[in-house]
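Trainee: Single-letter residue listing:
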Amino acid sequence: MGLLQISEPGDSPEPHQRKLAVGIDLGTTHSLAATVRSGAAEVIADDEGRALLPSIVRYFPDGRVDVGYDARAAQAEDPANTIVSVKRFMGRGVADVAKYGALPYHFKDAPGMVSIETAAGPRSPVQVSAEILKVLRERSERALRGELFGAVVTVPAYFDDSQRQATKDAAKLAGLNVLRLLNEPTAAAIAYGLDHASEGTFAIFDLGGGTFDISILKLTRGVFEVLSTNGDSALGGDDFDQAVATHWRVGHRIADAKGGDTRRLLAAAREVKERLSFEEEAGVQVTLSYGQSLRLVLTRSEFEKITAGLVQRTLAPTRKALRDAKLEPADIDGVVLVGGATRMPHLQRAVEGHFGKPPLKDLDPDAVVALGAAIQANVLAGNRAAGDDWLLLDVIPLSLGLETMGGLVERVIPRNSTIPVARAQEFTTFKDGQSAMALHVVQGERELVADNRSLARFELRGIPPMVAGAARIQVTFQVDADGLLSVSAREATTGVESSIVVKPSYGLSDDEVARMLQESFSHAIEDRDARALAEQRVEAESLLAAIRAALDQDADLLGEDERADLDRRMAGLERAWNATDHRAIKAAIEALNRASEAFATRRMDRAVSGALAGRRLDEVASR
Amino acid sequence: MTPDFSRDHFELLGLAVRFAVDAARLERGYRDLQSQVHPDRFAAATEAERRVAMQWATRANEAYRTLRDPIERARYLLQLRGYDTEEESNTSMPADFLMQQMEWREAVDVARDAGDVSELERLRGDIRRSRDEMLVMLERALDADANFVAGCSLVRKLRFLEKLEAEIDSALELTEH
Chain A
1 MGLLQISEPG
11 DSPEPHQRKL
21 AVGIDLGTTH
31 SLAATVRSGA
41 AEVIADDEGR
51 ALLPSIVRYF
61 PDGRVDVGYD
71 ARAAQAEDPA
81 NTIVSVKRFM
91 GRGVADVAKY
101 GALPYHFKDA
111 PGMVSIETAA
121 GPRSPVQVSA
131 EILKVLRERS
141 ERALRGELFG
151 AVVTVPAYFD
161 DSQRQATKDA
171 AKLAGLNVLR
181 LLNEPTAAAI
191 AYGLDHASEG
201 TFAIFDLGGG
211 TFDISILKLT
221 RGVFEVLSTN
231 GDSALGGDDF
241 DQAVATHWRV
251 GHRIADAKGG
261 DTRRLLAAAR
271 EVKERLSFEE
281 EAGVQVTLSY
291 GQSLRLVLTR
301 SEFEKITAGL
311 VQRTLAPTRK
321 ALRDAKLEPA
331 DIDGVVLVGG
341 ATRMPHLQRA
351 VEGHFGKPPL
361 KDLDPDAVVA
371 LGAAIQANVL
381 AGNRAAGDDW
391 LLLDVIPLSL
401 GLETMGGLVE
411 RVIPRNSTIP
421 VARAQEFTTF
431 KDGQSAMALH
441 VVQGERELVA
451 DNRSLARFEL
461 RGIPPMVAGA
471 ARIQVTFQVD
481 ADGLLSVSAR
491 EATTGVESSI
501 VVKPSYGLSD
511 DEVARMLQES
521 FSHAIEDRDA
531 RALAEQRVEA
541 ESLLAAIRAA
551 LDQDADLLGE
561 DERADLDRRM
571 AGLERAWNAT
581 DHRAIKAAIE
591 ALNRASEAFA
601 TRRMDRAVSG
611 ALAGRRLDEV
621 ASR
Chain B
1 MTPDFSRDHF
11 ELLGLAVRFA
21 VDAARLERGY
31 RDLQSQVHPD
41 RFAAATEAER
51 RVAMQWATRA
61 NEAYRTLRDP
71 IERARYLLQL
81 RGYDTEEESN
91 TSMPADFLMQ
101 QMEWREAVDV
111 ARDAGDVSEL
121 ERLRGDIRRS
131 RDEMLVMLER
141 ALDADANFVA
151 GCSLVRKLRF
161 LEKLEAEIDS
171 ALELTEH
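Protein chains in written order, with the numbering used here: chain A, 1 to 623; chain B, 1 to 177.
Do not rely on the hints blindly, as some may be mistaken.
Unchecked claim - Below, computed lysine-lysine pairings styled on DSSO-like, alpha-carbon distance capped at 30 Å:
1) A/Lys108 - A/Lys134
2) B/Lys157 - A/Lys326
3) B/Lys163 - A/Lys320
4) A/Lys586 - B/Lys163
5) B/Lys157 - A/Lys357
Hints listed in this document are in silico derivations from the structure and should not be mistaken for laboratory results.
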């Protein structure tokens, strides 16, 4: 192990020092972190050398929390307080989780998503996921010996807006600076594509513990372009376990399995399923809570029969993804398998049958997503090395729209649009003198509102009195590079502008996240303040460094007054940095950000003009 | 302050304002632009820069999406020339075109009800051929003849074919279940 480096007191670190960044695969069954060290992506293991962290969290009455292997060992003994596969509950309501089969939890419907009653009180899936992420953050900071600058957190490509928002909230709650939410199959494609220097059109077939994604990507030199994506965010290896457990429950007449027995059966099913990938027959001995001891056996062909329907369920999304990409199976140069569940032989046969070629499986299906995320995190943190100049173009998986008269959906942004994307649509009033309009934002492909997922409801008020149909309400949907939506609306005919920006209702507000974060760190107010101060100072430093670097390049874009204003704000932030009030630093950061807006806009205009001019020269030269 | 979005889609992606487009050059123009403005290039930058990057990348995607699709491209080009394609309001079509449409539509209905995949695929082939012929005519109308009225009429016809093809696709999807 190398020696720890300590800088001289008062000596600030080099501005071009590498920023510590990790990729995190927050999985249904297990999670892991990876980072780029000396040019290569590698997983970050715990003190015992284990890379995978079981995504299992156990809550104790005194508020203590176990995450990982210890929690996993306790799942049958304390099932109600040991949360397994929490990813399946992210951004979901009670009706959604009821579809997953028998689970040993006490769910409560809370605004936005389910809440789970535990010994430590009610916990939202966001909080449970944050516990997993916190362990990985701490592990990474120990391994990398420093505070993380940021993380790329992966999500299933088919996650909808509420599931993405919930994941981002969980990461923030774990104290992570989220550089980007990255789609899991895309992350795998980065790791695979860069590793094999591949070119062509690839299908990434990703069956994880709880979710299924299929993405079609075009890889050309330096560009990863997602052509289409599809999937099922409620289909994964867990469902194969459920199918086996149900088979045994029926066969052995195990009526009304209790919480602990449900867990025992599911764990046994999982073990047998995994062994059947290599053996023709597998069995386990299980002792149920009321003393009955059972030998549960399954052959591979029985297993394949029981789960044939689940394998079939992956094919419809696969066909849809190909159709949206306007491709036939034969156009695909390679099929990459990702996710532990793709180890099952009958699944591999189904994939091979569909594409007419054997799938590529030379990558570790458990680690490849985290490795790809680490490579992207390294680039986003600004640690790009020469030659690392690649570009990632991803899409949204599901259409976004608004409810119109009659409970129908008006599509505003179609699925598979490249992000970031914005679209505006005009709507009008239904009644004379109508002064408000209720807008209902939905996501999905179905025509009826009731068949899609409801993301947010909001009202636009203050529409001036007009006859029905005269008002022009422009509603703008903007999806950012994380695939997250914000919606704004304004009435434009009369010049009266009423504008509102909403974030979908499944997410927590920034203030709520900040409050939960503060509470989770410490109960002592001084400690919270100290942590907030440290965080604001780091943010202030990076903002000042970024603006100084921008001034070095493009100071000529500013007028004298503008420059003076910017200098004054920078000096203000430096003064605030030296004081100890984190709120004052935050205010000074915001002021400097606002003051730098025009500068940022002009810098980008210059970069675009430069690119256009450069291209013209290239083209002249190449003729 | 809003970014300078005064350039049209063609200029932004380094193309001459005409219907015929070199697909490779369009793609290159788009990628060159995205590599300058994509939010991934600014993930560690200031909040203001991140926002401007998102606006520009959104703009680049919009330009690429429009120019990549021939019907969208024609519609946009006509709009630049001051012509509205009136796809919702103008429903007058030549009688022979309407006849052909009705025949196709009936054939699609019959094939859908019979679950006849190969017939649906054959019809899709016919429609695509007809579409390709019209695209050749569109290029002549817009680039060679500068006949924008004829261009508008062709876009309206192509829109019909597009809808028909979408119907065949959803019929094919149904037969899979």
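Trainee: Could you run down the list of hints and mark each one as holding or not?
Mentor: How the hints compare with the structure:
1. A/Lys108 - A/Lys134: Holds - the C-alpha atoms of lysine 134 of chain A and lysine 108 of chain A are around 25 Å apart, at most 30 Å.
2. B/Lys157 - A/Lys326: 22 Å, holds
3. B/Lys163 - A/Lys320: Status holds; Cα separation ~18 Å.
4. A/Lys586 - B/Lys163: Answer violated: lysine 586 of chain A to lysine 163 of chain B is near 53 Å, above 30 Å.
5. B/Lys157 - A/Lys357: 40 Å, violated
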